[in-house]
Amino acid sequence: MSTVNFTFDGKQYSGEKGESLASALLRNGVLHFTDSSYKDRPRGVMGLWVEETNALVNIDSGAGEPMKPATTVELVEGLVARSAQGVGDLPDTRDNSRYDKANRHVDVLVVGAGTSGLAAAKKFSDQGKSVIVMDDKPAAGGHLVYLGQSVPTELLAVLERENVTYLPRTTVQGLYDQGFSVATERRTDHLDANVHTEMSRIRTWHIRAEHTVLATGAFQRHLVFANNDRPGIMLSHAAATYVSSGANPFRTAVVVTIDNQGYRDAIRLHNAGVYVAAVVDIRKKVSKSSKKSSRKAIKKLGIRLIKGATVIDTQANLDGLLNSVTIGDAKSDLQETIKADLLAVSGGWTPIVHLATFIGIKPTWSAKRAAFIVKHKDSLTSTTGMLAGEFGDDDEAEVFFGPKLSTDQALVAFVDYQRDATYRDFKRAIDAGMRSIEHVKRYTAIGTAHDQGKTSGTVTMGLIGQAIGKAPDEIGSLTFRPPYISIPFAALAGRDRGLLSDPERTTPIHAWHVASGAPMEDVGQWKRPWYFPKSGENMHAAVLRECAAVRQDVGVMDASTLGKIDIQGKDAGQFLDLIYTNMFSTLKVGMSRYGLMCGIDGMVFDDGVTTRISENHWLMTTTTGGAAKVLDWLEEWLQTEWPHLEVYCTSVTEEISTVAIVGPKSRELMSRLAPSLDVTNESFAFMENKHAEVAGVPARIARISFSGELAYEINVPASYGLHIWESVMSKGADLNITPYGTESMHVLRAEKGFVIVGQETDGTQTPQDLDMDWIVSKKKEDFIGKRSFSRADTARQGRHQLVGILADDGSYVIPEGAYLVAGADANTPPPVKHIGYITSSYDSAALGRSFALALVANGLARKGEKIAIPMADRVVTGVITDSVFVDKENTRRDG
Amino acid sequence: MLHIPCPYCGPRDETEFHYGSEAHVAYPENSGNLTDEEWAKFVFIRSNPKGWMAERWVHSAGCRRWFNVWRNTINHQFGPSYKPFSQQPKSPA
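Here the protein sequences line up with chains E and H, keeping their order. Quick note: the first sequence uses our numbering, first residue 1, plus one each step. Quick note: the second sequence uses our numbering, first residue 1001, plus one each step.
Think of the hints as simulated: they come from the structure by calculation, not from any bench. Accuracy of the hints is not assured; some may be wrong.
[Claimed, not checked] Heads up, simulated DSSO-like pairs for lysine-lysine below, C-alpha to C-alpha not over 30 Å straight-line:
{"id": "1", "chain 1": "E", "residue 1": "Lys284", "chain 2": "E", "residue 2": "Lys427"}
{"id": "2", "chain 1": "E", "residue 1": "Lys786", "chain 2": "H", "residue 2": "Lys1083"}
{"id": "3", "chain 1": "H", "residue 1": "Lys1041", "chain 2": "E", "residue 2": "Lys778"}
{"id": "4", "chain 1": "E", "residue 1": "Lys779", "chain 2": "H", "residue 2": "Lys1041"}
{"id": "5", "chain 1": "E", "residue 1": "Lys292", "chain 2": "E", "residue 2": "Lys307"}
{"id": "6", "chain 1": "H", "residue 1": "Lys1050", "chain 2": "E", "residue 2": "Lys362"}
{"id": "7", "chain 1": "H", "residue 1": "Lys1050", "chain 2": "E", "residue 2": "Lys375"}
{"id": "8", "chain 1": "E", "residue 1": "Lys629", "chain 2": "H", "residue 2": "Lys1041"}
Okay, chain H solo, but in the shape it has when bound (with noise of 0.2 Å):
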């Protein structure tokens, strides 16, 4: 069971979390005008990298609050955790 920093609260078991995939994909402003190639590679398409990869999870069962962090997707090791709209933490690696 992975142990997730949650920004807010700290630390915290897995069960109390939900997956929310890749952080830092917006959804896009002018959606009407993108073609068909741009708006599925935003519907369907991540990086999906082996190692560090800056995710977005929600703390569910406790403070409700989305944040991004960093794992390794190898051996999911967390790295720093940061709220929304703040500024990024350099990958650990």
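Pulled out of the complex, with its shape left as it was, chain E reads as follows (with noise of 0.2 Å):
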């Protein structure tokens, strides 16, 4: 052991490295860590390890991290800590740490390495398995560790075998179905800040096992009565273990029991030097077997035995310490109070049932341990050790979780220190009705902070019990859920972490965009500008800049996100006229269709539009964030209804960019860019393909229009996408060339009453719904949807349906999603009926006023009619329209 110094609430001390934080505080004499986090009682170190309740720290030094319990924290040079009252605090610097995860198939996972999980370990790579054993303390050795024993060398040495992985400072945090658990590893909290710059500080484990073996063990727990929660009172295992280590504040001890593990700590306490006045059991017995090494062995060293009596209160000294202890027998009236400056508590074992609980084994109640174990075999999953209650001779526990309090006692008898919830909260819940431990957690808050009642769990489940007279688990049984002990966000990041978090997909034409000073939209992955400011332009400028000019001028638009799939075979046609709602097996070579596709519920799903290349190939585009889900829903239909039809599905999204020129002034830019092509509308026609060398590029061009203005989209291989848009803008500078973003794309669709699949629908809307039943076929025998579009909910009267909306005051731009009232203004009296709500809305430049899309109860029978819009502030009044605003004729297709 080196010495090392640290700080902590501002001040030096100085301790031996690797010993816990909490335990070098106590060396130093440090009993007062923080105080409660509502009630500002003082308190100090209550356990050993995770199931500490009071001593939380925030560690500022290193990478930092909130409250962590004192009693896990490892000591090393220049630590610096801080108490955290129950609420911990971000580091503001940045962490740079590294953070990975690891995977690992194996044999056995085997959690825990106290003696029983080193004998499964042992056992299963004898048998040839591998093995890995993860144990979440620095040492291998469990309980032998803290009672200064050496573990034995036949065991230890399993961890060095060849076919035997171990993994210290390693928390299995979660348990899942199919042998699968995550574990946490700590790698670098404990070495000197100089030494692991290249190491990750946490690693994540994902491990696969045949057959996991829980050892996972156990914690002790505390009883509840009045004033337990003063600094110098402490779980005896972790007193005595302190203590024997050699940090030892303390002079005086009373010790108090239900178990004969009091009796061991007593014995290790007296050994160190603490004089222990007394032992005080809430048994009158104990059984032959075990007197000798737990009633004979105290009086042997001249320690005072209290049989059957318990403690009952505690007094502090001036500084918040305890002092004094007062024992009673429960039953009588019969007091004594003892001086002592340590309360070492043994109130049960309580095995750590997570990880089974995980899985849903559910843990079964033995009164003769007074404890909660798992004993469980199958394939997958066995228990050992503690867990499996082979407690040794600590099988005769007295079931019993605290003395009878008095009201005023009960006002000061935690159960949960961390919520700092008293017997008297406690029973509150029970006499307002709660039985269940779940509703008793939820009325109270107990077992709902940091420690998630690793130790108050099975102690409010004892109460319980006690106060209306049944068995633990007659009550319920424990449930936790994971992670074991609180996570850092990075460590589940891993090297997951900015641009690696989530891919982005950008177009070949992306570097143009951002050059110009584009702000980016994401839609699904992909990043599109949104609009392109000129300098000192707001949004709102650019939009209705960007929009004249595409209906006055030429814009362009950068299409390339959109989902393409190239669909080949001769049973295209069928297929394709099987997965839209209108016709495409007659669709001429060379030629788009627009077409919607539904589900089998008749709901619309997606849209875009397809074009037969040849005979045999298609062409589909989907919404730009629909694609992925368009080709599984294609490949499942070809794969498990129709196999018989011989088609197959690619996605070629990124194989081919596009470029769309939008505007009457679109077809002069075109003949430029394709001085052979014929662009005149005879020979040229809305919806045709051609093919043409664009900008000495091939390129296949097809007049599609999402603005309803004259539009050429170009097509050509992705590589190409930036030479095209390049030519565009040069060549179309004096005619007022304008790229435009997302939002004028949108806006101009929502002028012509173009709808968007995930916009104006949300996957409760019929292709009548959106008024489009002209893209319904009638004449296909079937295609997905159909027969839904006659269910009687679908058919009936008074679905949503698409309309257009203006505002009285057209310069209102009506949020999107606003609801509508019917009735003509702000003065119907409440109650007022909700009959629609906006699904897009935005300024036009078009129209010179503000428009909106709805969808409204049986809106295509009420155009004309008034609605209302109560709004935060203000109710605001406007008029149920036609979904198209501009140009109805379709006259500006053609140019």
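Build the complex from these two chains, which are given one at a time in their own frames, with help from the hints.
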């Protein structure tokens, strides 16, 4: 052991490298660690490890971490910690540590490297299995380490075997179905700051094991009596362990116990030089077999035994530290007060059942051991050691959780220290009729703090049982959820941070957009330019300018992100007829058609334009966000319903770059870009496709319009995308060529009443609801969704239908999502009937005012009806209109 | 995370797959002749058993193929997986 210096609450101390911060502070005589969360009561360290309820600290050195139990912080040179009064604070500096992940498939995962876990590891290793042993402590051996005893070498040697991997400081956080576990390995916090720059701080392990052995051991738990929370009151195993290692600020101890552990700890305290004034045992008798090691053993040391009694109250000195303990026989008024600065509490063992309950294994109550245990063995999971109820001679504990309390005592008898929840709080839950631990938990907040009820869970179950005269297992069962202890988000993220957290998809023209200063909009994983501001222009001004340019001159948009699926095979036309609501098999080669696809429930699922490239070759476009979903959908029908159709689908989204030039001057621009192409309406009609050289590059040009304007979509191999874009910009310079982004695209299409799947729809709209009955084939015998259109609910009157909305105040843009109510004006008294909601809403350059699209009950029959839109600060009035605002006659698309 | 046996690729992590609901619910050939009740049964009603269930999954991030597999809805154990239109193995129960 070497000595290291550390800082706690601004004061310098020294301790032994590798001991816990809690141990080091006790070594320095610090008993009052912090105050309690809500009641400001002085608190000291209670436990040994993650069961610690009081001594939470914020770590400010190294990577920093809030709310760590001081019992789990290994002391290193330069450690800086602050006490946390139930609330942590995140460090405000960036965490530059590395975090990573690893996967492992093994035959056997052993959780816990105590003697039981090591024995299990040996057994499976002997059988030639690959074994991984994970243990959350710095050293193997479990309780033997605390007891200062050496671990049998034949067990320790197992960890060195070739088929055994041992990971210390590794907490199995979750156990899931099929032998899957997630663990976090703390790799650097215990090292000096200057040696570990290249190593990840925490590694998250994903383990798949054919079999998992749970050898998780047990915590000790407390008893509920008046003033059971003072500094100086500790779990007996913790107190004896600290004191035996020389971290001993105590002079006189009282030990209170329900089992034989209290005796063993009394002896350890005595041997370490603490005067043990009394062992107070709730049990009148102990078994003959254990008498020698318990009662006779302390008698030999001259330690006084008080049988059939317990602690009922404690007193403190002016500093709030324990200075005496009141002992009582629970059944009589006889009381005695004993001076002591340490009260070591052995309230029984609580096996660590968490991982077992994660996979639905229910712990059973053992009255003999006063504990919930898990004895389990199946092909995937087995338990061993204390978890399985193997307690040694502690299996004669008395089922006892605390003495009867007066009303005043109940106010200061703590069930859950971290939540400052008292017996009084608990009793109020019982008196209000709560019987289940889940109800009591929610009524009192017991078990909801940082420790998630590691010690208070069983205590609460026991108290409920005690209060209503039932055994703890008749109350219910303990249920825990992962993670076992808190995990920094950084550990779960691993290296998937920043750009690596989710792939970013960009088009070949992306760099141009970025250079032009366009802010980006996220569409799925795609980055799309939102609008292209000129200097000093805000979004509103930019969008109005872009839209006006498209309707008056010519605009250009990067449409490369549209999902594109190449569909080939002799039955492709037949297949598309089944997928789309309208007819495709009759489409002529070289033509495109807009299509709508529905689910079997008849609800609109996706839309897009599909082009017949040749007899048996089609190119489908999907919404930008829907491409993967649509491809899965096509494959599902082809593979599981219609395998007789010869159709092959391939995603080609990334292969093709699409530049759309849009507006009355697009014909002039198109002829400049492709001099060989006859761009007249007669030879290149709407929805037609032509192959030609554009700016020296072979291209497929489609006359498709998503704005109602004359438009050409230039499709080229992706690598030519930027070249085409730049050519468009230079050739169109004198035509006021105006790049526009997704916002203007949305405004332009909404002016024409074109829907966006996902904006006008939410999976509950039929084509008819969208006023698109024209796209539903009446000729086709069947297509996906057809039968559902005549279902009673889809055919009924009163469904929400797509309409336009004009606010009476044309300068007001109604927020999207706003509710519409029937009735003419703001003065209609409540209750008012909600009849629909706004799906799209913009200011329009073409209209010189605002407009909106909405879904309104029976809306198609209500055009002209006045509506009101209640907003937080005012009631806006308006009128229901047709959903097409610009060029109802479709005169503009041909230029 | 489930470990799902793709009949083409072998066992892989759940994140590579998408779920496709109950297997062997065939699309009716004569949908136009079905009553509303019969059609609703096809669209909305699934057996949702407690225990072994034959399901469809697609290996989206792998071979992109749909397949059927037995899964126990109580403990998420997987039984045999099999290709569409092949002989269904017996329920593991």
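Hints breached by this structure: No hint contradicted; all consistent.
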